[in-house]
Amino acid sequence: MTVALELRPPKTEAALPDDQSLVEALQRGEESAFVALVEAYQGLLIRLAMPYVAHRAMAEDVVQETWLGVLRGLGRFEARSSLKTWICRILVNRARTRAERDGRLIPFSSFTAADGEAGEPAVDPARFYSTGPFEGHWMSMVQSWDDLPEESLLSDETRERVRTAIEALPANQRTVITLRDIEGWQAPEVCTALEISEANQRVLLHRARGKVRQALERYFEGA
Amino acid sequence: MSEPVEMTCHELVELVTEYLEDAMVPAERARLELHLAGCRPCRHYLDQMRKTIDVVGEIPEETVSPEAREDLLSVFRAWKRG
Chain A
5 MTVALELRPP KTEAALPDDQ SLVEALQRGE ESAFVALVEA YQGLLIRLAM PYVAHRAMAE
65 DVVQETWLGV LRGLGRFEAR SSLKTWICRI LVNRARTRAE RDGRLIPFSS FTAADGEAGE
125 PAVDPARFYS TGPFEGHWMS MVQSWDDLPE ESLLSDETRE RVRTAIEALP ANQRTVITLR
185 DIEGWQAPEV CTALEISEAN QRVLLHRARG KVRQALERYF EGA
Chain R
-18 MSEPVEMTCH ELVELVTEYL EDAMVPAERA RLELHLAGCR PCRHYLDQMR KTIDVVGEIP
42 EETVSPEARE DLLSVFRAWK RG
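Chains A and R, in that order, are what the protein sequence lines are.
Numbers 5 to 227, taken from my numbering, label the letters of the first sequence in order.
Numbers -18 to 63, taken from my numbering, label the letters of the second sequence in order.
No wet-lab data here; the hints were simulated from the structure.
Each residue gets a CB set at the ideal place from its N, CA and C atoms; glycine is no exception.
Be careful, since some hints might not be right.
Part of the chain A face toward chain R, derived, beta carbon under 7 Å [what the hints assert, rightly or not]:
1) F38
2) R51
3) L75
4) F132
5) M145
6) P153
7) H210
8) L220
9) R222
Pair ranges (Cβ atoms, derived) [unchecked claim]:
10) A:A19 to R:G38: 44 to 54 Å
11) R:D28 to A:A58: 33 to 43 Å
12) R:L15 to A:A58: 45 to 55 Å
13) R:R58 to A:D23: 14 to 24 Å
14) A:R222 to R:L15: 38 to 48 Å
15) A:A130 to R:S55: 24 to 34 Å
16) R:G19 to A:G77: 28 to 38 Å
17) R:E51 to A:A130: 27 to 37 Å
18) A:D22 to R:E48: 39 to 49 Å
19) A:D65 to R:R58: 28 to 38 Å
20) A:D128 to R:D52: 42 to 52 Å
21) A:P137 to R:D28: 46 to 56 Å
22) A:E139 to R:D3: 21 to 31 Å
23) A:D65 to R:P47: 27 to 37 Å
Cβ-to-Cβ under 7 Å is the rule here; a few derived chain R residues that face chain A [said to hold, decoys possible]:
24) V(-6)
25) P7
26) H16
27) Q29
28) V45
29) S46
Work the whole structure out from these sequences, hints included.
Structure follows, in structure tokens:
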């Protein structure tokens, strides 16, 4: 049995009216507008909150606070970014503030510093010659995953390994790979939502993808 | 004109995200592609990275539970009442 995969953006999001109409409908107190927004973005917001909280119930709390913050802040939405990006930025700010307050996260101002500067490379340097005529080159062959059966790349088990690898990432790396590669956002939108530079966003994405690739490599090759 | 220094595999793996983001200056991009053309392990690595991104993209959407929807509707109604 094949499971129909959700297209990005989700159908519920595609059915949303434009931002301005939505904001006006919300300001008029139209429940249907709010329900449509929740249907479209609740999943995303939960997913974004998770890296910063201890458990899912807390994520739901933060997301609920976020919706209230969105409603109260409607008058301040200036459409410089999309409504979606704006909502996500509120969420990330709240989630991070909460995590900092609970002592589980380095301060916001260090968002770029800690994750963007010194840090582990995407591939273990021991895999490359460090001296000699082949310095910098792979010491052993890198496998081609073309030879893997199609089913193994698409299997539930594989997806589960990837999900686990993503959950194990540092919060900021997890947030970026979630927005870019799961939710399909473009780089500038992510930068706006997280208030980080394109370069920092790329470093976080690079580290995140590197770790996930490594997890898959270990899974496929028993490395 | 001097020959550009050939890129090493180690350099390439740290540049792969920039490459996929199309964020490299043309000269660097050319240097990387030149290395790729002559290095099978790196071609495999790049392909592994692309396949990894594809699998990540297949992670399904989170769903909204009816309870969550009801909770949020209460939030909305309370906000409306001011």
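When the hints from earlier in the document are held up against this structure, which numbers fail?
6, 9, 10, 14, 15, 16, 17, 18, 19, 21, 23, 25, 26, 29
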